[in-house]
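Student: This is what each chain is made of:
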Amino acid sequence: MVKEITHSDMESPSIKFHTPPELIRPPLVQNGRSLSWITESVASIVEGPTPRWWIVSFAITAPIAFMGLLCIIYQISNGVGVWGENHPNGWAWDITNFVFWIGIGHAGTLISAVLFLTRQKWRTSINRAAEAMTLFAVVCAGIFPAIHIGRFWNAYFLAPVPNSNGIWPNFRSPLLWDVFAVSTYFTVSVLFWYVGLIPDLATLRDRARSKFAGLAYGLFALGWRGSNRHWRHYEMAYLLLAGLSTPLVLSVHSIVSFDFATSVLPGWHTTIFPPYFVAGAIFGGFAMVLTIMLPAARLYPQLNDLITRQHVDKMAKIILLTGSIVGYAYLMELFVAWYGANKFEGFTFFRARAAVDGSGWYQWSYWIMMFCNVVSPQIFWFQKMRSNYIVVFVVSQFVNIGMWFERFTIIVTSLAQDFLPSSWGHYSPSLTEKLTFVGTFGIFLSLFLLFMRLLPMVAISEVKLVTPDADAHTGSSSH
Amino acid sequence: MSKRIFQHPADSETGKRYWRSLGQLRDTPEFRSWMEREFPQGASEFQGGDVSRRNFLQLMGASVALAGLSLSACRRPLKNLVPFTKGVEWSMPGKALFFTSALPARGGGRPLVVTTFDGRPTKIEGNPAHPVSGGSTDVWSQASILDLYDPNRSGSVLKHGKSSSWADFETALQEILADAKSGQGLAFLVDGVSCPSRERLRQLIQSKYPEAKWASFEPNGNDLELKACSIAFGKGTCVVPDLSQADVILTVDRDLLGVEGDLDSVRRFAARRRVNTSSDAVSMNRLYVVENRYTLTGGMSDHRLRLASSRSGAFLRALALEVASLLGDKTLEATAACFKDADFKAPESWVKECAADLVSKKGKSLVLVGQRQPAEVQLLGFAVNASLGAMGQTLHVRPHHVALSLTIKELSEHIAKGKTNTLIILGGNPVFNAPSDLKWKDAQSSVRNVIHLSHEVNETSEIAQWHIPGAHFLEQWGDCLASDGSYMVVQPVILPIFNGVSELQLLANIAGVEPDPLKIVQETFFELRNQAPDSMHNWIETLKRGFFPSTPSLGSVYSFNAEAAAKSISDYKYPRSNQGEFELVFLTDSKVDDGRYANNGWLQELPDPVTKLTWDNALLLSPRAAESFNIETGDVVSLSIAERSFELPALILPGHADDSLSVAVGYGRKKTGPVGRGVGFDVYPIVTSESPRFRTGARIRKAGKRYSLAITQEHGSLEGRGADLTRQSTVAEWAKNSESENPDFFKKMGIDAHSPENFSLYSHPPLDDIHAWGMTVDLNTCTGCSACMVACQAENNIPIVGKEQVVIGREMHWIRTDRYFASDPGGEAEPEMVSQPMMCQHCENAPCETVCPVNATVHSEDGLNVMAYNRCIGTRYCANNCPFKVRRFNFFDYNERSIASLYKWNLISEKGMPESVKLQKNPNVTVRMRGVMEKCTFCVQRIQEAKIAAKVASRDRQMDKAPRVPADSFTSACAQVCPTESITFGDLNNPDSRIHRNRKDQRGYRLLEYLNTQNRVWYLARIRNPNLRMPDAHRAGSASRESHASNPRGGLSNSH
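Just so you know, the sequences run in chain order A and B. Counting from 1, one number per residue, gives the positions in the first sequence under our numbering. Counting from 480, one number per residue, gives the positions in the second sequence under our numbering.
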């Protein structure tokens, strides 16, 4: 809508001033849906009969998850040897997968905490699912550091428990910081997610048709009655948790990057890692949110009024931004390697990674990473592409793949060919290793499918707050 | 007198026998009185701090010898258990006892000291008193301790493959001997070890059975050299080089510092390479090497010529003519001229300058020809030496103490005539490794009675009527001669674990003398020393020392018979190759030898010092030959030679002669224990008695298959890092950059030349112990023989992991020998080889320590980077952050699971280590479980032992502070074994210690100094001594230059 104002009191009638066109933000909830419609459409997903596609999907993902568990049991009982790790390559797929999943786990908290604090209202319709995804991704991430150690049953040595030996964990080790960072992140994310769920759980409790559902939702709704006092406490708690989570978004992946950055290995020993890892995590996390949300919105058409094109558009822009930051970091790494003139570092970057001459054994992984993470998101400069769900979905998959290869490139190219050529060694994953990774996708998707069936996928109460109806002053006319 | 009374338990027939050890000595009055004395004789010497452990061990060795003397002289002496709870006073549970002994081996026995704990030998060291050893040993001696406990050793007498008994065998033997009359049908086949007692029994047997045939067979022996010696110097002679006297050495197809040398040669060579100052360097020897493939000798060379083995004769002829013309020696010229002209011209300038160098050091130069070369070529070598004045100076002729025997060829001809009805084979495995044209299997099958004494049931035992389990040399008395001719007693340290019988016992039974090996050896000893048997003092002294020296060399007695040599040479036919054909060289493997060590896991898993191949043999060929056939490492090659065709994997070895192929013999055993069965490829079927060591006319073609080779070092190129990792210089260059001119010459190479000074942002806990342990590795003397790897494995209970795991890259060696090939651009065909032992560098500022989340790896005050296995949870972060990648992770429970079942689900598969193998373990070192990181500890158990000893010794003097361990009073296992004394371990704080001096050597540098890890291991740069007039002088040191070609396809990289 463009208003044309004619300034008739101006001296010269021939001159017309045009005010710049005012762009009206499209409403966050489309088609002017009412509050009750929102409740109805979100709750119906949980309350309705189990769709056939859900049963089919779960019948696929659950066995995959189970197979992953079997691989883990086999690995723990026989030893890390059932994987492909060897002497130069002490880590490979295990830590690649860990960093991959933990990176994915960044989007949820970013959406719920950072965007909450910066008053980005569009977050409301996707934050619940993104947070759930975060938790499940962190669950998958946590599996790998736990099982990659040689003596799983002694993992408790990592806990700073006073003991008769007087031995404490090594507080200088980034791996220990990792343990603290990831467990803190998981705890806070669970709390944050759960606190946000309480009003919606109460809604489900109130709508429950079976006694059991009522009891179950009621139990977790913690006696929510929606009183003013409840809301006041709730909002304070939510704000506090958002404040608490925000630094964690930055810290977790910074600390994960310290695992590499504080080492002496060429290709790991890089000061650029913390911001580069955080950007990469957000990048990968948003790609995974899109990977999950686009099919979900298609399967539940009623969500299309909540998860709209502008959500997808915004997420695509974030992917473009973070992808470019990551690309900048990649190039800066190369620059520093050249500028530093250290032959060992030079080898890692210009022979083992960014080359095509075969002197590095895993150069292909570098180029996969480069294409997926840096080149493919550039398509999002075009609005048309951002609004094409298929393009967005495909690019998201590229990003998922690219981010996995980023970690693989960092870990394996640096380890396989480091200082002493005598100790160089190839790495190739074993079947168990591959199936364990596939299994974590089974775990992730199974958990997400269960989440879709059992909990409201969209934060009902929060979405309502961003509808025009929620604003007492402007009513339903504007926002 | 009633202090200790031993109740002798009945001899157990079924029970475990492992504890039947030294304590099982007969309870004779002498022995009892010995033990019942409050303090055994000499025990007072053990008091106080001045007596080294070594003295103590000699003392103890003597005491056992004395006790052993009084063993009663029945046929199978009855021996009883002495429980450790009532043990003899000198046997302290948990304390090591040391005994001198010797490993009988061809080319001279190895003088040894055996470490035993509670009656079980766990470790072998060299005898420090013996000039041949000086405390060092070789790979085979180190690994022989594992053979002792091999659970697959033969444990019972077999008759036609079925279990029988010694009594049955004895009856049968007596019947055979009763029929033997003067021994027409009797034949013996033995190995090539010089063993005086066996020789004596042989004489007894031959006097009893004068018609008996006696043959010896040593597949990788020096029989061709002996043949040449008998022509040149007369019958019963052998040659022994003295490398300490040689300024210029030329080896022609001889792995002098590897499998064709002995400890003595290596040690004497190293003594002439060991330099501490730039002014010393001029006294270094110079080594010219002509060989077909890289050997350890080639790696140590100053000039190296790649040349097919079949062309050695032509090369030597050219050299001899050159030497003759320089010296004006008509005799040599005539001798060389007798050598039929060959179709090959040796590179002229190389031969010319080499000859000039040899001549310029006349009397101090030496030419050594490979033992694989025909006797005629060796004779020409002797002729050159004679002309160069080497005889009696750098090359000594000695009597060979083995009486002349038939060759296996002559024996098989004899058998073919049907005249043999009883064949007694002592050791060996001729069915497997006799030349194929002898058809030994058929020959042996045609003999009515074949008695085979062997420590394992092998291919030969399988078709023998009688198989007698052989005793390990540590289980029975014996004797042998060292390469310097000194007499050594093979002293047992444990009773036969698997009921083995020694050669001497069997021969004594045949000779009709009392089969008591101790008595036999003693009689030999007294006979040799012309002493009355009652002069026990000498015997005890000999046991204490482990040997008595030989009479001085009588080199002058033997003169070179040029005429006979010339006559013999003129009969020689030069081997010819057709176009497109290769010669095929049969290598002596540095691990399994002729197949005898096939079931030894340590040796199978030890990387070949040059190829780094484990668990296999492969066809070695040059990068160029490989390229022309489009072959890559791991491709299966079809090899055809004289109508026989084989398939075996190829391994591209830089520096290999282009028209030559090499393959190690001894692999592909079919009948042996599970470790060695089916490992590698058997090439004996193409070995013939005509060309036992190499033959021409081989053709190859790519078979189009791949084979997985377990190579521990995937990448052999230095990638331009030679100046950082393996620093080198030449004598001339060093002289220009001497201590006074450029003290930091070796320290400022590579990246260290332009790195800013290191500083740390953090304060580190002080390393304020009275000791500061450190190590230096002298790259100038290290040949890369890898004895340190096996020594470390034995000392530190390091498991083997099997071929599959090595292929993945999970070998467990704590110390490895890195081997690099490098060349200047354009010189890829003639690369330089460098070896570098690599172990934990014990960084003071260790990257591994900061990253361990559970504090499982920490630093001790005396500078050790220590591992707490119990604390380790196995994140492998430490290994990732180790710049040297020396940390080793237990990916599986290698100690508890058999190699074959690692991937079988843990809960349903068998666990446990064979009982006998447990006995080998060093009780002072933890056997690690799976999921735990491990690495070199600088032999912390030895450090602790030394510290405790120092503390005990000083308890009355200094109560207030910890005493200092005396300088160099002990050392780590790798340093102890090192034949070239390249590895030095010691206390950096002690000004008297060797390391204190070495560390100040100008050549000292630490790896990756720019990381500020503050390593406690210093490498001493290698100095090459090229002859600047040689055409290839510019190549010396190319491995250390900043940039050089690193061609990934040049064969330097072995990709999976």
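Quick caveat, the hints were computed from the structure, so don't treat them as lab data. This one's a predicted model, so the numbers in the text were calculated from it and none came from an experiment. Hints should not be assumed to be uniformly reliable.
To be verified - Subject to a maximum C-alpha distance of 25 angstroms in a straight line, what follows is the list of computed PhoX-like cross-link-like pairs (lysine-lysine):
hint, chain 1, residue 1, chain 2, residue 2
1, A, Lys343, B, Lys896
2, A, Lys434, B, Lys918
3, B, Lys638, A, Lys343
4, A, Lys434, B, Lys1282
5, B, Lys918, B, Lys638
Claimed, not checked - Okay, the calculated bits of chain A under chain B, using three or more residues with CB under 8 angstroms as the criterion:
hint, region
6, 78-84
7, 397-405
8, 408-421
Every residue, glycine too, gets a C-beta built ideally from N, C-alpha and C.
Student: How about the region 408-421 of chain A: do at least three of its residues have a C-beta closer than 8 angstroms to a C-beta of chain B?
Tutor: holds (count 6)
Student: Decide if the proposed pair is consistent with the structure: Lys638(B) and Lys343(A), CA atoms, cutoff 25 angstroms inclusive.
Tutor: 67 angstroms, violated
Student: Are three or more residues of the region 397-405 of chain A within 8 angstroms, CB to CB, of chain B?
Tutor: violated (count 0)
Student: Take the C-alpha atoms of Lys343(A) and Lys896(B), compute the straight-line distance between them, and say whether it is at most 25 angstroms.
Tutor: Between Lys343(A) and Lys896(B) the Cα gap is close to 72 angstroms, so the pair fails against 25 angstroms, i.e. violated.
Student: Can the restraint linking Lys434(A) and Lys1282(B) be considered satisfied, given a maximum Cα separation of 25 angstroms?
Tutor: With a Cα-Cα distance of about 23 angstroms, the restraint between Lys434(A) and Lys1282(B) holds, given a limit of 25 angstroms.
Student: Given the hinted pair Lys918(B) and Lys638(B), is their alpha-carbon gap at most 25 angstroms?
Tutor: 23 angstroms, holds
Student: Three or more residues of the region 78-84 of chain A near chain B by CB distance under 8 angstroms?
Tutor: Contact hint for the region 78-84 of chain A vs chain B: holds, 6 residues under 8 angstroms.
Student: If you draw a straight line from the CA of Lys434(A) to the CA of Lys918(B), is it 25 angstroms or shorter?
Tutor: 52 angstroms, violated
Comparing the model with each numbered hint stated earlier shows that hints 1, 2, 3, 7 do not hold.
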